[in-house]
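A.B. asks: Residue strings, one per chain:
Protein chains: 6
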Amino acid sequence: MTIAFEPMRSLIYVHCAKEKYRHKLQHWLYFHHIPESMAQFEPYVSKYAYYWVLPVPEDGARFGTRNHNITEHYWLVNPMNPQLKVKALCEYMPPAAFVWQGHLPDTPEALQGEMLQGDDARSTGREGIAGTIPFVWVFVPMWWEEEFKGKMRTLQDGCNYRWQFVIKYPEGVSKEEGDKWLFTEVIPAFQNMPQVNRILTSSIMQHVNQTPYQRLLEIWFDGPDEWHEAVTVETAKIKKPVWASEPCFPYLKPQTEIVSMFVSDMPGDEHYAQYRGYIPMR
Amino acid sequence: MTIAFEPMRSLIYVHCAKEKYRHKLQHWLYFHHIPESMAQFEPYVSKYAYYWVLPVPEDGARFGTRNHNITEHYWLVNPMNPQLKVKALCEYMPPAAFVWQGHLPDTPEALQGEMLQGDDARSTGREGIAGTIPFVWVFVPMWWEEEFKGKMRTLQDGCNYRWQFVIKYPEGVSKEEGDKWLFTEVIPAFQNMPQVNRILTSSIMQHVNQTPYQRLLEIWFDGPDEWHEAVTVETAKIKKPVWASEPCFPYLKPQTEIVSMFVSDMPGDEHYAQYRGYIPMR
Amino acid sequence: MTIAFEPMRSLIYVHCAKEKYRHKLQHWLYFHHIPESMAQFEPYVSKYAYYWVLPVPEDGARFGTRNHNITEHYWLVNPMNPQLKVKALCEYMPPAAFVWQGHLPDTPEALQGEMLQGDDARSTGREGIAGTIPFVWVFVPMWWEEEFKGKMRTLQDGCNYRWQFVIKYPEGVSKEEGDKWLFTEVIPAFQNMPQVNRILTSSIMQHVNQTPYQRLLEIWFDGPDEWHEAVTVETAKIKKPVWASEPCFPYLKPQTEIVSMFVSDMPGDEHYAQYRGYIPMR
Amino acid sequence: MTIAFEPMRSLIYVHCAKEKYRHKLQHWLYFHHIPESMAQFEPYVSKYAYYWVLPVPEDGARFGTRNHNITEHYWLVNPMNPQLKVKALCEYMPPAAFVWQGHLPDTPEALQGEMLQGDDARSTGREGIAGTIPFVWVFVPMWWEEEFKGKMRTLQDGCNYRWQFVIKYPEGVSKEEGDKWLFTEVIPAFQNMPQVNRILTSSIMQHVNQTPYQRLLEIWFDGPDEWHEAVTVETAKIKKPVWASEPCFPYLKPQTEIVSMFVSDMPGDEHYAQYRGYIPMR
Amino acid sequence: MTIAFEPMRSLIYVHCAKEKYRHKLQHWLYFHHIPESMAQFEPYVSKYAYYWVLPVPEDGARFGTRNHNITEHYWLVNPMNPQLKVKALCEYMPPAAFVWQGHLPDTPEALQGEMLQGDDARSTGREGIAGTIPFVWVFVPMWWEEEFKGKMRTLQDGCNYRWQFVIKYPEGVSKEEGDKWLFTEVIPAFQNMPQVNRILTSSIMQHVNQTPYQRLLEIWFDGPDEWHEAVTVETAKIKKPVWASEPCFPYLKPQTEIVSMFVSDMPGDEHYAQYRGYIPMR
Amino acid sequence: MTIAFEPMRSLIYVHCAKEKYRHKLQHWLYFHHIPESMAQFEPYVSKYAYYWVLPVPEDGARFGTRNHNITEHYWLVNPMNPQLKVKALCEYMPPAAFVWQGHLPDTPEALQGEMLQGDDARSTGREGIAGTIPFVWVFVPMWWEEEFKGKMRTLQDGCNYRWQFVIKYPEGVSKEEGDKWLFTEVIPAFQNMPQVNRILTSSIMQHVNQTPYQRLLEIWFDGPDEWHEAVTVETAKIKKPVWASEPCFPYLKPQTEIVSMFVSDMPGDEHYAQYRGYIPMR
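Chains as they are written, first to last, in the working numbering: chain A, 1 to 282; chain B, 1001 to 1282; chain C, 2001 to 2282; chain D, 3001 to 3282; chain E, 4001 to 4282; chain F, 5001 to 5282.
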């Protein structure tokens, strides 16, 4: 009956599959999902925020870019603990909301499916379901584990163009093997790039929810031009790993092996303090 | 194109017609109506609050008691001004919400009626529609007009049991005539009652929305026992007016000539500051 | 010097003993008690809410109904831990506040008693003190333990009329024995009733504060009529236990063996986000 | 020394000229501009909100689309009144912030210009300054003046894809003449389109700040596909005015004669209630 | 029954007469006075703030310095209008609160006086009551009327040490005569001082509440040293007026002819947004 | 990778070294430091408040008084845990901010030093750096450990003048030895003083951040006069310890062996609920 104290941060990478769904997805998130989520986890999630992503930069698709928002939670306990399974009310999750996010195929059959919940929702969009992208929900320690550049950077040093991404090494490549390449080839290369202001990384706690993604990174630039130059020109020096899934950097398959979001430092919506219902434009 | 500055307070007396509707009425008010109302009038209503009424005391029915809440608005302009007629979105007002409040008869026909809006909603429940009570929405000046007792009363002097009510003199009795009786018979009697701590009154601005109610009063007591003694025993001394609709005090027909609510001093919900969406119990 | 992480939810069932005390009890709660409570436990209670109960339905008294509010806390630590005993300021708890709630007899002697605090307050109203009802404060795990019906119910499925109650089997009946009857007779019967939409239960953590109550339940209906039919008609099929304290269902003594409250899904006051002082009606 | 009560709504159409400026523009708005604005006008602006625009749809450029946010104010007085001219602190408005919005040319000279303020800021980007777009700030009555379709539409009728735009008839065409075409040709055509759910319009109060824009409109669709079909296919039936600036609908020059933004119903940031400083992502 | 729209700002200069009263005065203000004030004027006061003053600088006494806080209101109507006279509850204003502020003499008789209210409170501490200082409450237009230096100053230009003061020319000197000296002697002198960054002034609307003070000024410095040098050294050049009450600058009698407060730019408490009851330190 | 649940309270005693720095220090705290701090620790600090101290009373210097504010945090984890070391953004901490607080000498060299962070900041002002005072940051259990008087005191018993201080016994005196004197000489003496209303103490958790301070105390009085009489007259009875650093009570060296702040019960700024950016006075 006891439950462990396990402070963790989780990140969900929300995508809007087609522009015609964007306002519908927003409505579902703000009218239904945010208050229902708060009702459920307010006592054991200490911060719940959305960060609005910046538009996908040129060549972003190669990096598995998504275009809606990063949903961030700070948990005091592991939400996958079976002790949390019974909920008075379950969240309203019509299949359409998963079609809009690209996790269910955009077909009449998918839309007529049953209400989703918990594990069912999270297992949508896994590889092999044509026309969908995986649901990305990763857990990391509450604090960043490692930093490689920009330790003293403050808000006064200028606005940051933050490239946040998760990676999963290809089938058959162990995390150790993949990380070896990352830490000896990739990170040193980025450390040396003049366009890079900051590098942060944490290992993903895959055991929490069995996500296939293995590592979270943030690399900061002054803006999208610097990012573009860094990832397309400067990365030429990075040695291609033998196990590369793709011919060029990042050598990982978009959406399944690398998923990226671009954010500013800007505060998004901290729902506990800022949510006040759905009050439309007059 | 100019609009006058007309600071006004309005009061709506909300009733729940049957207990089986109370949770439905609450849901409609808090899930749909409050955020939609704020969306509409936030720029020109300076305060929007609900006060939860105290249970109806013994013999309360004789005074046209209602049992749900007082909705209070503070307007900077007259909301009936035709310049306010076009609204981007209209409020979601299913007929059921008016059945629940007792303003439409509780019949299948009423429920299948059209969505209500504006004047249609406000004209529900007028006299002559069997089984319904009138929609009470009165406008008064932003400040009380007259006080007759308890001028120096502060919050430190004890909790108040506030009887707030609106009256309309019977058909054929002018406001002047009715008020004469009120000010020479009723108010002096209450002033002299030891149970009474405070008396306040304002004339209703009937021209704003053509409400038939003519006057708003508040008389304060220590509690329901003092109220009961005052209105049933002490009022025996009050001269019955020739035009009395009813055999005993208040000599007015409940719900159409007198409508009462009982409130404490307690703050209800000040929606601008306190509303944060509909976050149910876990 | 270390203290365990023990996330728990607690529920206090607040009653107003006489209507003449309702506004005084509200004042004490909102003017004195809420801010003082927040001052004390804000750092280690992650949510603090009040839910306003629905009026007592017909035949409710048989189920030990209370009529004021459910006070809910979400604790990160066990508040009974002796490490929490020293408080800079103690709460203002005049005996009258306990008379108003029915936990002290309504006598001059009780009112002249000493200021109550902590364990003294919580031990008021225990069985055997004539004319009083016990102080009900139960601790349960932060999450419901078991559910028996309505697992997929969402807010979109309609408003709920939630019957929340605690039970304590009669003297001499072990929890195991009582629960056996509950799980083999009572819960299956309610599962089969068409009026029932949802069943939830948790075992009360009696060791926390030595409460005699043993189990918390919630059974949801569409409204009070469905509840009434279920508990008076449908329960006829439930086998009377040999140890029954009362002749008919729930076979438990009101207030000491069963205490009930009726709530809607509606959010009450989440004090951390919504409390803004005591700002009375103008 | 008296000042008139003139409730008005104003709309600013904010654009981000290049994606590399988006995070800088956000920072300036949220770190500097919002709190400084609130400091200045909180006592006489009753609501201050930002609405995040939806991405520019296909063929949007023809309609003078902008891509950042709509800034909305509700004024109780005319902010151009000379009585408001003296401000204790003036707003921090570096020329760069106007380069980022496309109102100053993106040149070193522009960046080295003086701090902007008031009228200087508002007169940036007028026609004739190469490579810039005009600063759009229009005042309209607090309430929409006219509606042509969808009077009873509520939030329950589905999410809206709202096309909001301002127009200015070409040089030499009077407002009367232009409006005649609008009301007899354009609006009736849109009223008849099955893709259109709602039409709203108000005359711009040009005297307030001498804006050249003459009329504000909102036309609502289910989504961008319906909008696209309506404005590219259905508008073929609309008679081209003799004074057309452009060969096809809307027959107006983008950015100077028509400026468009696409918004959902979704609440943006209501700063008075939601702003809590600039708290960056961790 | 109509009331004029008269946007005004008012300033109250609160003093704590003896340090032994400071915590008592704070308690009265925060526990009793702020929520009671909001209850009363929330619908027609658009901003209500306290600014905590900086400690009195060297030689400050000569300028009639006060040491507690500036209370600021922004009114939409004239609060002295007789239409506002009736208040449901009056404010809790024990004589002690006025002794603590120095407006009643610190004697047992004063303390045993009656509860103060409205005009009685405001007329405390007028000249001639030994050992007291006048109650300073001045009304000015919502916007500063005139500025003489520092028009383009922004928050980015550095923190300001703001000397805010009200003046009243000596008995027998007309406002015109006094102002002539102010505008031709004093202000030009300050404009020329290198220590001065900003000068603002407004005429006090004496008709509102019959205050004897005639003019409000703010002169800004980098800090108290610059202020001290300016007012003690630099002012030597200012011509002494024939009507001087005092031998040296400001030539006015402290507390009755000049009352000063020193504030930073720092936000104090904006009560509508920030007040959340009286939650003491644990 | 796991981190322990260690609820702790920490207190920082902020001083303003010279009055000319007060407005600058306020600006740094409210404009830069509070939002940056919240950004960093909001997920694992459950309350973050500032308490404004009362002016230093007569003879306060002898007790190592400071004059700005007490910064209070409630931590769920030990912030010194190396797992917390990597922060996405570091706090903006210019050396000037430490000069203003008296932790760096007021010299050009100090001002030109590098940006401070973490341990560097906390180790400023240690003994031996001429003209500085130590940075006081102490961790104590979340709850007071011991109380010696006034156990039943409530907010209704009157305002408190709270003397909060930390002590460190002189070099060579063990905590045990020092505490023996404290508990057998000092506390009993204060318990017997009629001026004392409450005594609270906790042992400082020195291992958390290696602070030299050993014990936190609060002793409450009615006001500064009672405090003064108690500490100057009544303490004459307290036996001088052999290890006294100073000739009279408290026998400890100000600022390095005893540091005091005087606070009322009054709530300061609870930043999570009340911070809304830096919105200056108009």
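Please note: incorrect hints may appear among the correct ones.
[As the list claims (entries may be wrong)] When the alpha-carbon atoms are kept at most 20 angstroms apart in a straight line, the in silico DMTMM-like pairs for lysine to aspartate or glutamate are as follows:
1. B/K1237 <-> B/D1225
2. E/K4151 <-> D/E3114
3. C/K2087 <-> F/D5157
4. E/K4047 <-> F/D5157
5. F/K5018 <-> E/E4226
6. D/K3149 <-> B/E1114
7. F/K5151 <-> C/E2114
8. E/K4085 <-> B/E1146
9. F/K5085 <-> A/E218
10. C/K2020 <-> B/E1146
11. F/K5149 <-> C/E2058
12. A/K24 <-> D/E3058
13. A/K87 <-> C/E2146
14. B/K1087 <-> B/E1114
15. F/K5020 <-> E/E4147
16. B/K1087 <-> D/E3058
17. C/K2047 <-> A/E270
18. E/K4085 <-> B/D1225
19. D/K3085 <-> E/E4226
20. B/K1087 <-> D/D3222
21. B/K1020 <-> C/D2225
22. B/K1087 <-> D/E3147
Don't read these hints as lab results, they were simulated from the structure.
A.B. asks: Each hint needs a verdict: does it hold in this structure or not?
C.D. replies: Now for the hints, and whether the structure bears them out:
| no. | hint | in the structure |
| --- | --- | --- |
| 1 | B/K1237 <-> B/D1225 | holds (19 angstroms) |
| 2 | E/K4151 <-> D/E3114 | holds (14 angstroms) |
| 3 | C/K2087 <-> F/D5157 | holds (15 angstroms) |
| 4 | E/K4047 <-> F/D5157 | violated (33 angstroms) |
| 5 | F/K5018 <-> E/E4226 | holds (14 angstroms) |
| 6 | D/K3149 <-> B/E1114 | holds (18 angstroms) |
| 7 | F/K5151 <-> C/E2114 | holds (14 angstroms) |
| 8 | E/K4085 <-> B/E1146 | holds (9 angstroms) |
| 9 | F/K5085 <-> A/E218 | holds (16 angstroms) |
| 10 | C/K2020 <-> B/E1146 | violated (28 angstroms) |
| 11 | F/K5149 <-> C/E2058 | violated (51 angstroms) |
| 12 | A/K24 <-> D/E3058 | holds (19 angstroms) |
| 13 | A/K87 <-> C/E2146 | holds (9 angstroms) |
| 14 | B/K1087 <-> B/E1114 | holds (18 angstroms) |
| 15 | F/K5020 <-> E/E4147 | violated (25 angstroms) |
| 16 | B/K1087 <-> D/E3058 | violated (29 angstroms) |
| 17 | C/K2047 <-> A/E270 | holds (17 angstroms) |
| 18 | E/K4085 <-> B/D1225 | violated (31 angstroms) |
| 19 | D/K3085 <-> E/E4226 | violated (28 angstroms) |
| 20 | B/K1087 <-> D/D3222 | holds (19 angstroms) |
| 21 | B/K1020 <-> C/D2225 | holds (7 angstroms) |
| 22 | B/K1087 <-> D/E3147 | holds (8 angstroms) |
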